[in-house]
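Participant: Residues per chain are reported as follows:
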Amino acid sequence: GESVGLHLPTLSVQEGDNSIINCAYSNSASDYFIWYKQESGKGPQFIIDIRSNMDKRQGQRVTVLLNKTVKHLSLQIAATQPGDSAVYFCAENSGSSNTGKLIFGQGTTLQVKP
Amino acid sequence: DTAVSQTPKYLVTQMGNDKSIKCEQNLGHDTMYWYKQDSKKFLKIMFSYNNKELIINETVPNRFSPKSPDKAHLNLHINSLELGDSAVYFCASSQQYSGNTIYFGEGSWLTVV
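As they're listed, the protein sequences go chains A and B.
Numbered per the numbering used here, the first sequence spans residues 18 to 131.
Numbered per the numbering used here, the second sequence spans residues 298 to 410.
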């Protein structure tokens, strides 16, 4: 069946440290993956995406790694800041159906300690 | 200059009522969506429309009826509201319906009492 899961519901890090948020997915047909950040009271905000023909993509302070062999996705945030505190969701498209449907994981709450 | 805007942001209503949530996007996107987020933060797609045509209907009760008057608008009408409909409803849009970034609105908090 379709499912996307995150390994930890809550991650607490010290300001300035690097954060790694993990995600496992089950649909091997998925070919597009996205990380979203959701702050309290707001909608999910796009952070970074990656297609299945890549295994790494970097943005500003963020890196997404994709391991298709074990169906694992991770988001790395460098030099974590208090403003990074939020719930982070990974999502995969259902690549076989070609409909734009995104399947979301349960979310990991990132807490940044000053 | 909000990209995806939805109204109202908060809605408290009684069981059995009918209510609508409106959504508009000014990104020029072809595809629009409605997602539901429950109390455990789980996000699940309800509907998607591409150029006013229904693409996805995720076995949502037919009390929920989306309406797309044009490709920039996708409204959600809910009949006979039930307690279990309480959730946050997010409108979203994307350029095309496959493999493109989906941009979300700020959400509409619906509470049914």
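Be a bit skeptical, because a hint or two may be false.
Capping the alpha-carbon separation at 30 Å, the derived lysine-lysine pairs in DSSO-like fashion look like this [unchecked claim]: (1) K88(A) - K341(B); (2) K59(A) - K349(B); (3) K338(B) - K59(A); (4) K85(A) - K333(B); (5) K59(A) - K130(A); (6) K349(B) - K130(A); (7) K341(B) - K364(B); (8) K337(B) - K59(A); (9) K306(B) - K341(B); (10) K88(A) - K333(B); (11) K306(B) - K73(A).
Beta-carbon label-pair distances, calculated as ranges [what the hints assert, rightly or not]: (12) N359(B) - G33(A): 50 to 60 Å; (13) S302(B) - P131(A): 44 to 54 Å; (14) I37(A) - N376(B): 43 to 53 Å; (15) S57(A) - T356(B): 22 to 32 Å; (16) R78(A) - K337(B): 38 to 48 Å; (17) N359(B) - Q75(A): 43 to 53 Å; (18) D367(B) - P131(A): 44 to 54 Å; (19) E355(B) - S57(A): 22 to 32 Å.
Note that these hints are calculated values from the structure, not bench results.
Computed from a prediction, not measured in an experiment: that's the story for all the values here.
All C-beta atoms in this analysis are idealised placements derived from N, C-alpha and C, irrespective of residue type, glycine included.
Participant: Hint by hint, note whether the structure agrees.
Facilitator: The hints, checked one at a time:
For a cut-off of 30 Å, the pair hint linking K88(A) to K341(B) stands: about 21 Å separates their Cα positions. A hinted pair counts as satisfied when its Cα atoms are at most 30 Å apart, and K59(A) with K349(B) qualifies at roughly 26 Å. Note on K338(B) and K59(A): the hinted pairing holds, with a Cα-Cα distance of about 12 Å set against a maximum of 30 Å. Taking the CA atoms of K85(A) and K333(B), the gap is near 28 Å; set against the 30 Å cutoff, the hint holds.
Straight-line distance between C-alpha atoms of K59(A) and K130(A) comes to about 21 Å, which keeps the hinted pair within the 30 Å bound. Between K349(B) and K130(A) the alpha-carbon distance is near 46 Å, which puts this suggested pair outside the 30 Å criterion. Taking the CA atoms of K341(B) and K364(B), the gap is about 19 Å. The hint holds against a cut of 30 Å. Our distance criterion of 30 Å between C-alpha atoms is met by K337(B) and K59(A), whose separation comes to about 15 Å.
The straight-line distance between the Cα atoms of K306(B) and K341(B) is roughly 19 Å, inside the 30 Å bound, and the hint therefore holds. A hinted pair counts as satisfied when its Cα atoms are at most 30 Å apart, and K88(A) with K333(B) qualifies at roughly 26 Å. Taken as a hint, the K306(B) and K73(A) pair is broken in the structure, with Cα atoms around 37 Å apart against an allowance of 30 Å. The beta-carbon spacing between N359(B) and G33(A), approximately 52 Å, falls within the hinted interval of 50 to 60 Å.
Checked against the hint of 44 to 54 Å, the C-beta distance between S302(B) and P131(A) comes to roughly 34 Å, which is inconsistent with it. A hinted range of 43 to 53 Å holds for the C-beta pair I37(A) and N376(B), which are about 45 Å apart. The hint said 22 to 32 Å for the Cβ distance between S57(A) and T356(B), and at roughly 30 Å that hint holds. Against the hinted window of 38 to 48 Å, the Cβ-Cβ separation of R78(A) and K337(B) comes to about 28 Å, which falls outside the hint.
Against the hinted window of 43 to 53 Å, the Cβ-Cβ separation of N359(B) and Q75(A) comes to about 45 Å, which satisfies the hint. Distance hint check for D367(B) and P131(A): the Cβ-Cβ separation is about 47 Å, which falls inside the suggested range of 44 to 54 Å. Distance hint check: the CB atoms of E355(B) and S57(A) are about 26 Å apart, consistent with the given range 22 to 32 Å.
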